[in-house]
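Participant: Produce the complete structure using the sequences and hints provided.
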Amino acid sequence: ELKVEQNPLFLSMQEGKNYTIYCNYSTTSDRLYWYRQDPGKSLESLFVLLSNGAVKQEGRLMASLDTKARLSTLHITAAVHDLSATYFCAVGLMNRDDKIIFGKGTRLHILP
Amino acid sequence: GAGVSQSPSNKVTEKGKDVELRCDPISGHTALYWYRQRLGQGLEFLIYFQGNSAPDKSGLPSDRFSAERTGESVSTLTIQRTQQEDSAVYLCASSFINEKLFFGSGTQLSVL
Numbered sequence: 151e152l153k154v155e156q157n158p159l160f161l162s163m164q165e166g167k168n169y170t171i172y173c174n175y176s177t178t179s180d181r182l183y184w185y186r187q188d189p190g191k192s193l194e195s196l197f198v199l200l201s202n203g204a205v206k207q208e209g210r211l212m213a214s215l216d217t218k219a220r221l222s223t224l225h226i227t228a229a230v231h232d233l234s235a236t237y238f239c240a241v242g243l244m245n246r247d248d249k250i251i252f253g254k255g256t257r258l259h260i261l262p
Numbered sequence: 189g190a191g192v193s194q195s196p197s198n199k200v201t202e203k204g205k206d207v208e209l210r211c212d213p214i215s216g217h218t219a220l221y222w223y224r225q226r227l228g229q230g231l232e233f234l235i236y237f238q239g240n241s242a243p244d245k246s247g248l249p250s251d252r253f254s255a256e257r258t259g260e261s262v263s264t265l266t267i268q269r270t271q272q273e274d275s276a277v278y279l280c281a282s283s284f285i286n287e288k289l290f291f292g293s294g295t296q297l298s299v300l
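Protein chains in written order, with my numbering: chain A, 151 to 262; chain B, 189 to 300.
By construction, these hints were calculated from the structure, which means they are not laboratory data.
There could be a bad hint or two in this list.
As a list, the in silico PhoX-like pairs of lysine-lysine whose alpha-carbon atoms are at most 25 angstroms apart [as the list claims (entries may be wrong)]:
#1 B:288 to A:153
#2 B:288 to A:218
#3 A:191 to B:199
#4 B:245 to A:254
#5 A:254 to B:288
#6 A:153 to B:245
#7 B:288 to A:191
To give a feel for the contact side, a few chain A residues facing chain B, derived at Cβ under 10 angstroms [unchecked claim]:
#8 176
#9 180
#10 183
#11 185
#12 192
#13 211
#14 235
#15 238
#16 248
#17 249
#18 255
Please read these numbers as outputs of a predicted model, since none were measured by experiment.
Ideal Cβ positions, reconstructed from N, Cα and C, are used throughout, including at glycine.
Facilitator: Laid out in structure tokens, this is it:
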């Protein structure tokens, strides 16, 4: 059974600092997604990572995927208050058109 | 439509009543997912439809929950004899096969 674990689950950080959110998953996968959710809102897609070593960046966020370690990271550079949200990673099973399982989410709170 | 549409946006019901939630996916998307999100929690997988394949119902929490999908269009999630623990936001998402999910705004279900 596919399990997806994120850590930390809660992160409070100062503006201007860097930090990384980790996403580990239990079985081989070739599809890793990162989503953002603002309070009371639905989920918005940030990144889709489809191969080992994939790296994608948008603004202050950068996501990477290591399929051998079954690990993805979401790195935040010089955080700003607008990035406060909950971030979810999600994983689909390799080579199967199968369900996508989400981690529990990381609630990020950026202090001014 | 331009996005995934869910209705109703809010539903308040009495314990023991049945409820039906509707999801209109993005046209052409073969995959459709239902997730449940309790307050402050992550996304709990419920059911997955892919084209004409048999749905993956492995996430449905009890036999009070069922879902249908008509071809590659509308889906309905039905909860019979609702209980207070069913109170949550029910999120629907659709996608092309193996691509990122687009989420609806969700249905907030409150069981009194």
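Participant: Among all the numbered hints in the text so far, which are the ones the structure does not match?
Facilitator: 8, 13, 14
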